[in-house]
Amino acid sequence: MNFTFSEDQEIFRDAFKRYLESNVTPEKIRSGWEDNNPFNQARWQELEELGILQSNLDEKYGGLGLDLVTSCLLVEEMGYYALPEPAAEQIFLSNLLINKSADIAKLIDDKNQFISVTHSLSPNILFLENSSKLINLGEDSISIFFSKDINGKKLKSSDPSRDLTNFIFENSDSGLLQTLNDQKSLVNNVVTSGMVMSAAVLIGLSRKILDLATAYTLDRKQFGKPIGSFQAVKHMLAQAAIEIEFSKATLYRAAYSLDNENPLQKLHAAQAKLQAIDACEMVSRNSMQAHGAMGYTWEMDLHIFIRRGWSYKQVWGNKSLLENYIMNQLEKDLPKLGSTYTFL
Amino acid sequence: MNFTFSEDQEIFRDAFKRYLESNVTPEKIRSGWEDNNPFNQARWQELEELGILQSNLDEKYGGLGLDLVTSCLLVEEMGYYALPEPAAEQIFLSNLLINKSADIAKLIDDKNQFISVTHSLSPNILFLENSSKLINLGEDSISIFFSKDINGKKLKSSDPSRDLTNFIFENSDSGLLQTLNDQKSLVNNVVTSGMVMSAAVLIGLSRKILDLATAYTLDRKQFGKPIGSFQAVKHMLAQAAIEIEFSKATLYRAAYSLDNENPLQKLHAAQAKLQAIDACEMVSRNSMQAHGAMGYTWEMDLHIFIRRGWSYKQVWGNKSLLENYIMNQLEKDLPKLGSTYTFL
Amino acid sequence: MKIGFSDSQKKFREEIREWLEKNVPKIPLNSFDTKEGFEEHREWEKKLNSGNWSMVTWPEQYGGRGLNLIEWLIFEEEYYRAKAPARVNQNGVFLLGPTLMEYGSDKQKEKFLSAMATGEHIWSQGWSEPGAGSDMAAIRTTAFKKGDKYIINGQKTWSSRAAFADWTFGLFRSDPESDRHRGLSFILVPLDAEGVTVRPIPQLDGEPGFAEIYFDDVEVDVSNLLGGEGEGWSIAMATAGFERGLMLRSPARFQETASKLLSLYFKNKDNLSGSIESKVLQSWLRAEAYALNIYQTASKLMAGKKIGPESSLGKVFWSDLDHQMHQTALDILGVSSELEEVVADDVASWIKGYMFSYSGPIYAGTNEIQKNIIAERLLGMPR
Amino acid sequence: MKIGFSDSQKKFREEIREWLEKNVPKIPLNSFDTKEGFEEHREWEKKLNSGNWSMVTWPEQYGGRGLNLIEWLIFEEEYYRAKAPARVNQNGVFLLGPTLMEYGSDKQKEKFLSAMATGEHIWSQGWSEPGAGSDMAAIRTTAFKKGDKYIINGQKTWSSRAAFADWTFGLFRSDPESDRHRGLSFILVPLDAEGVTVRPIPQLDGEPGFAEIYFDDVEVDVSNLLGGEGEGWSIAMATAGFERGLMLRSPARFQETASKLLSLYFKNKDNLSGSIESKVLQSWLRAEAYALNIYQTASKLMAGKKIGPESSLGKVFWSDLDHQMHQTALDILGVSSELEEVVADDVASWIKGYMFSYSGPIYAGTNEIQKNIIAERLLGMPR
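Protein chains in written order, with my numbering: chain C, 1 to 344; chain F, 1001 to 1344; chain H, 2001 to 2383; chain X, 3001 to 3383.
Wrong hints could be hidden among the right ones.
[Stated by the list, open to error] When the alpha-carbon atoms are kept at most 20 Å apart in a straight line, the in silico DMTMM-like pairs for lysine to aspartate or glutamate are as follows:
1. C/K336 - X/E3340
2. H/K2269 - F/E1331
3. H/K2300 - F/D1014
4. F/K1225 - H/E2177
5. H/K2107 - H/D2221
6. X/K3300 - C/E245
7. F/K1225 - X/D3179
8. F/K1154 - X/E3018
9. H/K2306 - F/E1299
10. F/K1156 - X/D3205
11. C/K156 - H/E2207
12. H/K2300 - F/E1010
13. X/K3260 - X/D3179
14. C/K225 - H/D2179
15. C/K148 - C/D110
16. X/K3083 - X/E3043
17. H/K2269 - F/D1333
18. X/K3035 - X/D3179
19. H/K2300 - F/E1007
20. F/K1028 - F/E1048
21. X/K3352 - F/E1299
22. H/K2306 - F/E1048
23. F/K1336 - H/D2217
24. H/K2306 - F/E1010
25. X/K3002 - C/D110
26. F/K1100 - F/E1261
27. X/K3267 - C/E331
28. X/K3269 - H/D2270
29. F/K1154 - X/D3345
30. C/K336 - X/E3043
31. X/K3267 - X/D3346
32. H/K2352 - C/E281
33. C/K154 - H/D2345
[What the hints assert, rightly or not] Computed spacing ranges between beta-carbons, pair by pair:
34. H/K2046 - F/L1064: 56 to 64 Å
35. X/M3237 - F/E1027: 39 to 47 Å
36. H/A2303 - F/N1188: 33 to 41 Å
37. F/N1188 - X/D3346: 32 to 40 Å
[Claimed, not checked] Some chain C residues flagged as far from chain X (calculated, every beta-carbon gap over 12 Å):
38. E21
39. E49
40. K148
Hints listed in this document are in silico derivations from the structure and should not be mistaken for laboratory results.
The structure displayed is predicted, hence computed values, not measured ones.
Idealized CB from N, CA, C, for every residue including glycine.
Let the hints inform the model, and build the full structure from the sequences given.
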């Protein structure tokens, strides 16, 4: 039982953090919004060069072959900095599909380009124009399309960093490259992975939102002292810190279970996502409140992160879906203490 | 639309309050506990003399014939002072049965003595030894028993003011005076009334609990100042005050609906009880916290009232039952604004 | 106690219901925080006025209907039920209007009241200043008298509607020697005056619900002073009084949201979890509890009782409720809840309402300030 | 990262599971806050010791097993799974024991450690004093040296287990000139000494979980001083350190409660509403989250990292959780939830646990104090 990160993992994460700190600033994110082009091709290139995009891709496909626990640390930082490019999706969805299916690996010849993945839990296509291929996960089939041949309708997300397209796949094979059948277990695996990915983004976002609120309350004065010295403000942020703290281990355990094909991986992923949703919700609410009316403006950076939380809470498993899933699982097999429920 | 109390109602309530203030003190309650006899026969006599026990009994049976809105104010004060005797039950349960059913009125020749009423929502007999008769409400039948012939098993309540007896009515007609059939609507009416009664008790208790906590935080010093000057303590009690405030009008509306046989009376009663449960829960928790370790002792009076809340939250409709009832009602007939849902 | 509606109240309800059914635009107007929508809403104010429905709580002599509080609650229920447009001139109707009636000169009443009722003048409010969020007495913008003019210098912020409004009202420091709440005057300022610069503040939804107003040697005529010089604070306090606060937070608004939430829930029930069910139920219960409380409060006020710090109880209650209802709706909408422009299931309006709900616990005194007031003034806890 | 249990850890689990299955009393003991139950629990301590299971975290040289934190977590899981009796000597095992090992003289170790392990000495703690609830530095009870004795005068309160315990340990002011946390000494006092009066404090469940201890010219030998005179504060701070705090709040305790709650829920599911479902689910999720966090923290500690104010995060989390779980259980039990003596469905133990859960957010530093610590020391907000 060693529930700590290796030095290598931390070094890799910290190096990536340094990159993000100077390359994914709120100003740069806003300029992507203003240009109506949140996907910065140059940055995508840099992420490739840094090895981030291929971090968990099998070595035989030119990746670094790192595990998802490490990826989880990277994705958390992507959340923290609100990286607009879908590197988190590349790692947890399309790289995973390639790693797990030789058939898919064969069809994806451009593994560093963005491959958008959709499913009923995340039905709108992310960055269609920036993707080379599109993988649509059905109930038990997987279809691969050429993105350029898909002709959908643009949707406006409340997070301007998310470029979304609506497309009805039924009865259309425009751009269809191939459909693989009998893929139920792989689809299930990717959905589980999507839960962990979105949980990691939410935890990163939550940490950032709390940091912004803390800094603001030190800076902002009211009635002659920093508002951070009022007990009510302290306690609302302390409670936020508690929620974040108690989401983290659940997240890393879920990533670990994915890596190790733990039979309870989906349950663990659902737990991680639910904890992350609840944490992000409370952190957002309390941090907004600590900001007073300023938090409500477009000008403060706070909303960049809060908006992103609204989206990631819902995609790849939302509250109701996760809660119902977990309750069903628990009813089928009531957890017993000291058995193998928490860890194998 | 006049949602205020009449001067008469307030005068009656205030006079009763003055009686309770000197006659139902924590010391007297504790002495009833110590004697293992919470029901003080002399006090019951006084309540009769004051007209409290017959406040809502029809004039033709020697009562004052007041409405349940007025009774609600009285019962709230019974909650506030944690009156051990079951006057609230007499008013809202047995008097109501007598008022509504000539058959029952005929059978109850001792209308000032305590008549215990049981039902599956409050199955344990309250003060069996102090009651002359016992009315058991079935699904659609009503049975009246001589209390002295019932031989049940004493139960210990976490509220020592509640003397409870367990008895299985099925297949026993020991002491049975009479069974009335086809009483579904009357049973339903009494259950509804029980919801309102228990809600009124809870609101009274909540008010008292908050008063105790406020007084304590003014008195108790920590780090050199009264703990009531700490913002965290202020806010926990302010939140408690809010919950109480927004339960009251819902309660009085429910009593009014009972008086006026509003077709939505059961819904209104369920709303009142649920609001009261939630208020009492939060007020108890926050007031206990404001008391620090002292609240946790037998010595402080706080627990006299908090314990009573634990019981009244559960009898005559608890959280699950009420929530399920309301949701079913709303699904059947979705409320529309500006229609007759809130008021007739 | 006699609760329920009288025949004349029921008749009044029918009258307004009928008028609204005929007149409420079938297609929702654009947001009044856009230039286009602002003018559409100005038109709606005019239309309301044509039916004598724009200033229902004003006395008849000023073009109102002299509705009492209960009638106003009925009006509001019907207004929300009909999904009629939001009131772009709320600042005028509920804040400045009544203040003018009480403190204004005849000339001021004549000049401003009917222009307010017709929508010709739309008013913004100018209370807050940078660095004086919840601490309104810290006002620094000056209005020094020079002949028959006040010369205004300084900056207001969080001025609602100011991006497109015609006028603003607020407090200005007219006595250079004064501090805190002394030496303040209540002055009306046309936003097209020379030296006025309005800088909109885009909010979460990207639209300028608020603006900053800069005053650079702005001259206004002394006739724009309301009440006496230096009396601004007490006039402003009256403006912020309970009844008006109540009118800005109609219970019908929350009941309407709760009804919509219930429909949304039952439509999607099979896929929803217990936590959602619980929040939906709580929402409806609390919206009803709020309405019942307000009816009771209105009854008390009509019976001549006074309401003081009790209004702080309601502020915390409705603002928490409003946020929870919108949050729950988005959780039901799931992956659609980020799609700002989707009309189906009212997605767009849930999202907009959600963003707006973040401001409830903040504006008009943060909920933290309200809880301090409750603890100190209602419960008697020490400052 | 490599999470999961090694073969030797699994074997250890089997060993303790087997021993407990054989030895845990089939009928639950009486509460250790009654005279009778106290002695039954003393017997259980002896029984545990007979299997070398009483002081598992102590080094082998002192009669323990030298378990590391992970092994201790496994031990706890099995202990709660087996529904083994609560530890009447927790104060000794986790607080005084380790302190003695670090600061005690050889003679003190010899005298006290094995008597503690066998249950011969049951310890109460004497930190708090009247008027010094969360402000431990305000201690006024004195222990002035006179020859080879300390003469103790004053009063301790909230002394857990003191009603029936044999000894107490705590801080006393040994320097009459000192104030705050200077001049305090850590002294061990036999409760049967002349001049000691113990007044039990009945708590919510009517039983004396705590007591007040009055000292009236109580003489204790200087050999009962732990560490140097005046060093009491720093020794006490070490005693209150994180690892020991952790050991008093075993995650297994909350996981066991959550499991019981799940069973209770599924058994009654058809009658229960969404709000109950939601709270039951939350309970399990949070109990698991707490356990995972503790495993991670234990791993960090074992890897040589230090933990500081982070422990305040856990205090608030588990105490809120514990209250919510018990509240929810009572809501499921409905009308039975007031019946203190009903054994079916574990009603009696849910009620007892519910009462106890009110103390969680209070003892060992109220949750308000914990949140101050989190804000100030972890988030860097101003005092």
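Please name the hints from earlier in the document that this structure breaks, with their numbers sorted from lowest to highest. Failing hints, ascending: 1, 4, 8, 9, 13, 18, 22, 23, 25, 30.
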